[in-house]
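Peer 1: Residue numbers (our numbering): 1 to 253.
Read the hints as simulated data drawn from the structure, not as lab findings. Keep in mind the model is a prediction, meaning the values are calculated, not measured. Watch out, some of these pointers could steer you wrong.
Listed next, the in silico DSS-like pairs over lysine-lysine satisfying Cα-Cα at most 25 Å (straight line) [said to hold, decoys possible]:
#1 97 with 225
#2 161 with 74
#3 225 with 161
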Amino acid sequence: MPRTFQFVTVSNPAEPVPQHVRSLTHSHAVRQRHAKERRLRMQKHQEDMFRNAESTSLNRVLGYSRDPFAALPKQLLSHENFLLDHYIRVVVPHNVKTCRLFNQMNDHEGQVMRDWVGLAITDSDLLCSIILLGACRHILISNPNPGLMQAALQYKYNGLKALRHAVSGASPTVSAMTIAKACAMALDEVSFGEAIVARQHIQGVFAIIEAAGGSQCLDGTGLLKRMYLRFLEMREGPGLQLPKGITYTSHCW
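Throw the hints in and build the complete structure from the sequences for me.
Peer 2: Below is the structure:
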């Protein structure tokens with residue numbers, strides 16, 4: 001809201017300011033202060049409403065009332081509770097600010113919480129592949145720790161094992177959950193692994209989506225669709241140089 005100015009006509013500026021002019025100036029200053037306080041209260045009210053709406057939406061997705069951990073697919077260890085908290089409080093805001101997936105989005109954190117974290121905490125394998133592994137990777141950047149590195153490798157192994165199980169066999173499981181597991185492994189390799197392995201994982205993502213009938217299977221999945229489109233950009237770009245014709249091979253995982 002633009003600032004307004006009160007202009008006061010003074011007949012002789014060299015003389016003391018008359019009482020009525022001082023009163024007029026004081027009244028204007030008071031009105032401006034009250035208007036600013038009202039704007040701040042309204043801004044705070046709107047922010048509180050947004051946070052409450054986001055929390056309500058997330059609670060509905062997660063299906064819990066008071067205890068957020070009651071909705072988790074497995075009982076977390078003490079250090080895993082810390083990793084979950086770190087991911088939500090630190091990793092999500094950091095990724096929203098730095099990841100190209102969110103360049104044209106408005107409700108950045110809300111979308112990540114609904115489409116990514118909300119999905120991850122419904123499946124124990126995704127919980128490891130997305131949240132626990134992601135938190136370990138983020139902490140290890142600034143605080144190398146052998147124990148945490150071992151935990152990250154274990155979460156990565158669990159994620160690969162679950163993904164291999166989902167896509168192998170006579171009737172592989174093709175679902176949004178499977179695609180999310182593949183995306184999680186691909187994103188981890190893109191960010192922290194090797195280009196060759198990342199290429200294999202992204203090939204796997206495309207193969208799963210093709211097996212599910214094409215990109216239309218991602219309609220309504222929000223963030224998963226954005227990841228798929230981002231991987232397409234990477235395939236076309238000079239970085240990973242992914243082949244355009246993809247044949248699924250189980251050794252990708």
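Peer 1: Each hint: holds or not?
Peer 2: Evaluated hints:
Note on residue 97 and residue 225: the hinted pairing holds, with a Cα-Cα distance of about 19 Å set against a maximum of 25 Å. At most 25 Å may separate the alpha-carbon atoms for a hinted pair to count; residue 161 and residue 74 meet this at roughly 17 Å. The straight-line distance between the Cα atoms of residue 225 and residue 161 is roughly 24 Å, inside the 25 Å bound, and the hint therefore holds.
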